[in-house]
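Peer 1: Here's the letter readout for the chains.
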Amino acid sequence: MQIFEYNGSAVVAMVGKNCFAIASDRRLGVQLQTIATDFQRISKIHDHLFIGLSGLATDVQTLYQRLVFRHKLYQLREERDMKPETFASLVSAILYEKRFGPYLCQPVIAGLGDDNKPFICTMDSIGAKELAKDFVVSGTASESLYGACEAMFKPDMEAEELFETISQALLSSVDRDCLSGWGGHVYVVTPDEIKEKILKGRMD
Amino acid sequence: MKLDTSGFETSMPVIGFGSNSEMLDGVSSVPSFDLPRTTDFDGFQKKSVEMVKPAKGTTTLAFIFKEGVMVAADSRASMGGYISSQSVKKIIEINPYMLGTMAGGAADCQFWHRNLGIKCRLHELANKRRISVSGASKLLANMLYSYRGMGLSVGTMIAGWDETGPGLYYVDNEGGRLKGDRFSVGSGSPYAYGVLDSGYKFDMSIEEASELARRSIYHATFRDGASGGVASVYHVGPQGWTKLSGDDVGELHYHYYPVAPATAEHVMEEAA
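If you read the protein sequences in the order shown, they are chains A and B. If you're matching positions, the first sequence starts at 1 in this note's numbering and goes up one per residue. If you're matching positions, the second sequence starts at 1 in this note's numbering and goes up one per residue.
Calculated from the structure, these hints are not laboratory results. From the three backbone atoms N, C-alpha and C, an ideal C-beta is built for every residue, glycine too. Be a bit skeptical, because a hint or two may be false.
What follows is a list of derived Cβ distance ranges for each label pair [to be verified]:
{"hint": "1", "chain 1": "B", "residue 1": "F202", "chain 2": "A", "residue 2": "E150", "range": "33 to 43 Å"}
{"hint": "2", "chain 1": "B", "residue 1": "E93", "chain 2": "A", "residue 2": "Q168", "range": "34 to 44 Å"}
{"hint": "3", "chain 1": "A", "residue 1": "K17", "chain 2": "B", "residue 2": "K46", "range": "50 to 60 Å"}
{"hint": "4", "chain 1": "A", "residue 1": "K17", "chain 2": "B", "residue 2": "D40", "range": "45 to 55 Å"}
{"hint": "5", "chain 1": "B", "residue 1": "K46", "chain 2": "A", "residue 2": "F100", "range": "50 to 60 Å"}
{"hint": "6", "chain 1": "B", "residue 1": "D247", "chain 2": "A", "residue 2": "P191", "range": "14 to 24 Å"}
{"hint": "7", "chain 1": "A", "residue 1": "E160", "chain 2": "B", "residue 2": "Y147", "range": "57 to 67 Å"}
{"hint": "8", "chain 1": "B", "residue 1": "A260", "chain 2": "A", "residue 2": "M152", "range": "36 to 46 Å"}
Below, in silico cross-link-like pairs of lysine to any residue (SDA-like), each with a Cα-Cα straight-line distance of 25 Å or less [said to hold, decoys possible]:
{"hint": "9", "chain 1": "A", "residue 1": "K200", "chain 2": "B", "residue 2": "S87"}
{"hint": "10", "chain 1": "A", "residue 1": "K133", "chain 2": "A", "residue 2": "G147"}
{"hint": "11", "chain 1": "B", "residue 1": "K47", "chain 2": "A", "residue 2": "I198"}
{"hint": "12", "chain 1": "A", "residue 1": "K195", "chain 2": "B", "residue 2": "V259"}
These stretches of chain A come out as covered by chain B in the derived footprint (C-beta under 8 Å, 3 or more residues) [what the hints assert, rightly or not]:
{"hint": "13", "segment": "20-33"}
{"hint": "14", "segment": "156-165"}
{"hint": "15", "segment": "193-203"}
Okay, chain A solo, but in the shape it has when bound:
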């Protein structure tokens, strides 16, 4: 199996009305064997910026640690949080630095920018940004996720409805993938609060 499918992953982010949701599966595997069912793929950079990383688990953890470090430096120098668009450019630059020995992960970035306008984007493993207005996906279940999101997405959903939609899209897609699933982890972020929920999914 290829290296991107070694650990298995599924990450999706969706845009709503002045809010966004980002969700991932919870499986950590070694090819077909499941090792853990509580692996963290989505991490908070600051209250209005989240990054979900799919792909090789060791690179997911290392890249996250490097990005947190860079953001903390930025906070010390600029005395404010990074805007999502700026952060996306930072991630893209860090990934391209390793063009000939890349980090084997595909990030999904989701945040609230100026005027609480939601921002989502995804990248390939060498930093090619793909901005979208509706949803972005990545991971071994990405093809199923594209199909599910395309069918279920509506623009300008409120937080509650967005949570339902992203959860259903994630669970139905990972049920068609041997390498991801075993539960789900969803964050729904509005300008005032962050709601974190664990999904009960099929554990097979």
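With chain A's structure known, arrange chain B on it following the hints.
Peer 2: Relative to chain A, chain B alone:
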């Protein structure tokens, strides 16, 4: 001084690749094969077998106990990472008193089990008595041996009840045939063996045995990515086989390990 190398020469003529030696016709002491003209012969052979052979992504198990044979399997079909179906029948009913399990290529298993069913029926008609489990498994093993190396992928267990009592045989595409009390086949078999071997006793009732079989399949579906769907359990007794249960493993998980309601850690209390 020149070394005497006459001892290295053999009297057997060397057969070149792909050539047909008239000298040896009728006297061939060494079998000759037409070989492909490639630089990497072993690599080519491996790739051509791999191309046809799908991986045995499944979990099936069977064991003999006091009341007969218990047979269980999952129901997931996977193509690499993609789940193509969650509802495949992996326990094949050869005849009313014999079951076969499917692991490996679905088409291969379905075809050869049906073929075996035909041969068993012909045996019954010719000899006016049912074929034994030993005989049926031997028929299948011999059929598969003749196709050895051609890329068939079959890892099956033949379970049944005949005049000598319960019978269980493992037969695979290499032509191997093993008689035994407990078998598990497929990518999820290590996990199933763990649960099956630690819980097995010969003197179990039918309920205990079916619960053991169901639990073993459930644990295999949890750990193995290529197993999942529905855990089917069949029992083969002196009157033939019966299907005992078919439980969705997604629901079985929460049945065995219910989610404890999260306790509120910080309770908001009224200021005194």
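Peer 1: Each hint should be assessed against the structure and marked as holding or not.
Peer 2: Each hint, compared with the structure:
1. B:F202 <-> A:E150: 33 to 43 Å: violated (55 Å)
2. B:E93 <-> A:Q168: 34 to 44 Å: Holds, since B:E93 and A:Q168 (Cβ atoms, about 37 Å apart) stay within the stated range.
3. A:K17 <-> B:K46: 50 to 60 Å: Holds - the Cβ-Cβ distance for A:K17 and B:K46, about 56 Å, lies within 50 to 60 Å.
4. A:K17 <-> B:D40: 45 to 55 Å: Violated: the Cβ-Cβ distance is about 60 Å, outside 45 to 55 Å.
5. B:K46 <-> A:F100: 50 to 60 Å: violated (31 Å)
6. B:D247 <-> A:P191: 14 to 24 Å: Because 45 Å falls outside the window, the suggested range is violated.
7. A:E160 <-> B:Y147: 57 to 67 Å: Given a distance of about 59 Å, which is inside 57 to 67 Å, the answer is holds.
8. B:A260 <-> A:M152: 36 to 46 Å: violated (31 Å)
9. A:K200 <-> B:S87: Distance ~21 Å between A:K200 and B:S87 Cα, so the pair holds.
10. A:K133 <-> A:G147: Holds, at about 16 Å.
11. B:K47 <-> A:I198: violated (43 Å)
12. A:K195 <-> B:V259: holds (20 Å)
13. 20-33: holds (count 4)
14. 156-165: violated (count 0)
15. 193-203: n = 4 at 8 Å, threshold three: holds.
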